[in-house]
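Engineer: Each chain is listed here by its residues.
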Amino acid sequence: MEQKTVVLGVIGSDVHAVGNRILDFAFTQAGFKVINIGVLATQEEFIHSAIETNADAILVSSLYGHGEMDCRGLREKCQEKGIGDIIMYVGGNLVCGKQEFESVKERFLAMGFNRVYPPGTLPDLPIEDLRKDLGMTIN
Amino acid sequence: MQAVLLIDFGSTYTKVTVVDLDAEIILGTARAGTTIETNIMEGMKAALAQIPEPIGGWKFVRKLACSSAAGGLKMIASGLVKELTAEAARRAALGAGARVLEVFSYELSPKDLDRIVVSKPDILLLAGGTDGGNKEVILKNAELLSNLPISLPVVIAGNKVVAAQAEEMLRKQHNPVVVADNVMPDLGVLSVESARLAIREVYLSHIIKAKGLDKAEEYLERIMMPTPSAVLSAAELLAQGEGSEPGWGELMIVDVGGATTDVHSVAKGDPSKPSVMLKGLPEPYVKRTVEGDLGMRYSSEALVEIAGRRLMDYLGWTEEQVSGQLELLKENPWRIPQTGEEAKFDVAMGRMAVGLAVDRHAGTIEVVYTPFGASYIQNGKDLTPLTVVIGTGGVLLHHPDPAEILKGTVFNPQEPTILKPQNPAFFLDKEYILAAMGLLREVSPQIALRMMKKYIVKL
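Chains as they are written, first to last, in my numbering: chain R, 13 to 151; chain B, 4 to 462.
Hints are not guaranteed to be accurate.
[Stated by the list, open to error] Taking lysine-lysine pairs in the BS3-like style, the calculated list, with each CA pair at most 25 Å apart, reads:
id, chain 1, residue 1, chain 2, residue 2
1, B, Lys-212, R, Lys-93
2, B, Lys-218, R, Lys-45
3, R, Lys-93, B, Lys-282
4, B, Lys-66, R, Lys-89
5, B, Lys-143, R, Lys-89
6, R, Lys-93, B, Lys-114
7, R, Lys-93, B, Lys-175
8, B, Lys-85, R, Lys-89
9, B, Lys-66, B, Lys-85
10, B, Lys-66, B, Lys-282
11, B, Lys-66, R, Lys-93
12, R, Lys-89, B, Lys-163
13, B, Lys-212, B, Lys-66
14, R, Lys-16, B, Lys-138
[To be verified] Selected chain R positions facing chain B (in silico; Cβ < 10 Å):
id, residue
15, Thr-17
16, Asp-36
17, Thr-40
18, Gln-41
19, Ile-47
20, Ile-59
21, Met-81
22, Gln-91
23, Gln-111
24, Phe-113
25, Ser-115
26, Val-116
27, Arg-119
By construction, these hints were calculated from the structure, which means they are not laboratory data.
C-beta: ideal position from N, C-alpha, C; glycine also.
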């Protein structure tokens, strides 16, 4: 089966690099081609990278609490750029303070993300989900 | 004596340089108008005639030339995303010494295709997609291009998975069609060397003949490269050194012409301070930028507009004074300053042109405030540690005060985000030999290097 490509990065003015490295490692081990655009990534960088590399999914991390602001409009920009149907996941400490995760999830789903992960999610879960979403069979 | 003849067929002037390889000295330099309409050799011979011939006539052991005559090497580049493969393609073309007419991104529109037909570039550079990445756009563009009413040389440097397919489509209409390695094989990786070589190969095999420059080759060994390539090659040699002969280290060359200002840097440009993160497309070690709107003679109006307040602050003039002087220059772009005030204006214009050209060439640093304090992001090259800045080009060499103009290359504390050299020494290519030494590098690199070190003088 053809190798699937994912664009991975930490959005906005966020410099948390450790989780980004772990995800890069985990997805690569799981057989994906990981295009890691690193920390301090803008929405445009995610989209442009996905276009050039013909990526199958965009994986957005945000750990500093401003994810809601940073992620708003990403789906619309993808649509504008011709990759409106691309799979998008988001995870991390997406919002400030103690908020009910269910309401956070609702908000990000409404923004156009296909899946939203709470703090403390291990990489296995999104890898599993992505295989399902991309219709890959596990050998 | 081993005399070598080095020729630069320029757009306006044909410049000849005769060097003695044994003594490592310049025997003479001269120039005459380029005669592309009749026979390119006439101008060359007129220039050579100005250099006193030794008894028994010249016996050249080598005769080498570069050319930017007949419009130079005109190229149009096309890529996918403007900031990624289209930008990489543009850099590859500039690095090959081309005059880049246009850079297109995404699928070529009917308007883009018209522009290609009308401007008839010497070479089209087709990029798009990382290796294994997007295939559709480059294939679509190859198909669109195969329906053009004209035939052009094409270099393909895009997604390798479909390069052969694109080649096959383009071959139906175009000749030659050459496949090079992808200018961006992976995201954020710039790889322009293969494309540069392919462009040079096509230039040598096809373009020289098409431009009528091959007439020169009956007399010369061959026209080896476009002039900007020769300058870049000389710059690289002077920076890196050759064998046991050390170079000058990382450096910048500013070429101020009447209509354009070229900036070349040979430098890695990595962050010079700790805790700075690099963003954006990686920069080539040998980088060339061309500013078509920043000439000291033909584009003075545009220059005044762009420089704006800065120019008036530097001069201490009012807007009326500036526009008055501008009127005079519009009438005669090559007007020689008549008064002290006019001379001051002339210096100011040069300084603005150089300053703005280097602003665009150098990298920038940006502060990002994160919840954990300030972080720094660098885009492009950090040139602050550069210690060598060399001036060249017709306007600068004949100017009474080149050092004052070259000061435009220096870091400006009022614009601390632009990473220009902080404390460089200024040099002048007084004999105008950079292009010639780039040519000489092809046969005797160590001698070319030693001669540059001798003839490029400190200001």
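Engineer: Confirm or reject each hint.
Structural biologist: How the hints compare with the structure:
Proposed proximity of B:Lys-212 and R:Lys-93 is contradicted: the alpha carbons are some 42 Å apart, above 25 Å. At most 25 Å may separate the alpha-carbon atoms for a hinted pair to count; B:Lys-218 and R:Lys-45 exceed this at roughly 53 Å. As the CA atoms of R:Lys-93 and B:Lys-282 are separated by approximately 22 Å, the hinted pair is consistent with the 25 Å bound. Taking the CA atoms of B:Lys-66 and R:Lys-89, the gap is near 57 Å; set against the 25 Å cutoff, the hint is violated.
For the proposed pair B:Lys-143 and R:Lys-89, the alpha carbon gap of about 23 Å is at most 25 Å, so the pair holds. At roughly 20 Å between alpha-carbon atoms, R:Lys-93 and B:Lys-114 fall within 25 Å of each other, so this suggested pair holds. Taking the CA atoms of R:Lys-93 and B:Lys-175, the gap is about 31 Å. The hint is violated against a cut of 25 Å. Distance restraint check for B:Lys-85 and R:Lys-89: the Cα-Cα separation of roughly 16 Å lies within the 25 Å cut-off, and the hinted pair is therefore satisfied.
Our distance criterion of 25 Å between C-alpha atoms is broken by B:Lys-66 and B:Lys-85, whose separation comes to about 41 Å. Between the alpha carbons of B:Lys-66 and B:Lys-282 the distance comes to roughly 45 Å, so the proposed pair goes past 25 Å and is violated. Straight-line distance between C-alpha atoms of B:Lys-66 and R:Lys-93 comes to about 53 Å, which puts the hinted pair past the 25 Å bound. For the suggested pair R:Lys-89 and B:Lys-163, the alpha carbons sit about 28 Å apart, so the restraint of at most 25 Å is broken.
As the CA atoms of B:Lys-212 and B:Lys-66 are separated by approximately 18 Å, the hinted pair is consistent with the 25 Å bound. A hinted pair counts as satisfied when its Cα atoms are at most 25 Å apart, and R:Lys-16 with B:Lys-138 qualifies at roughly 15 Å. With its C-beta approaching chain B no nearer than about 8 Å, R:Thr-17 sits inside the 10 Å limit, and its interface hint holds. Hint status for R:Asp-36 relative to chain B: violated, with the closest Cβ pair at about 13 Å, above 10 Å.
The interface hint given for R:Thr-40 is violated, since its Cβ lies 14 Å from the closest Cβ of chain B, which is over the 10 Å cut-off. The interface hint given for R:Gln-41 is broken, as the beta carbon of that residue sits about 19 Å from the closest beta carbon of chain B, more than 10 Å. With 10 Å as the threshold, the beta carbon of R:Ile-47 comes within range of chain B, its nearest partner Cβ sitting at about 5 Å, so the hint holds. Given the 10 Å rule on beta carbons, the hint for R:Ile-59 holds: about 9 Å separates it from the nearest Cβ of chain B.
With 10 Å as the threshold, the beta carbon of R:Met-81 stays out of range of chain B, its nearest partner Cβ sitting at about 13 Å, so the hint is violated. Annotation: R:Gln-91 was flagged as interfacial toward chain B, and the flag is violated, the nearest CB pair being 15 Å apart, outside 10 Å. For R:Gln-111, the shortest C-beta to C-beta distance to chain B is roughly 17 Å, which exceeds 10 Å, and the interface hint is violated. For R:Phe-113, the shortest C-beta to C-beta distance to chain B is roughly 21 Å, which exceeds 10 Å, and the interface hint is violated.
Hint status for R:Ser-115 relative to chain B: violated, with the closest Cβ pair at about 22 Å, above 10 Å. At about 18 Å, the closest approach between the beta carbon of R:Val-116 and any beta carbon in chain B exceeds 10 Å, and the interface hint on this residue is violated. The interface hint given for R:Arg-119 is violated, since its Cβ lies 21 Å from the closest Cβ of chain B, which is over the 10 Å cut-off.
Going through the hint list in order, the structure does not satisfy hints 1, 2, 4, 7, 9, 10, 11, 12, 16, 17, 18, 21, 22, 23, 24, 25, 26 and 27.
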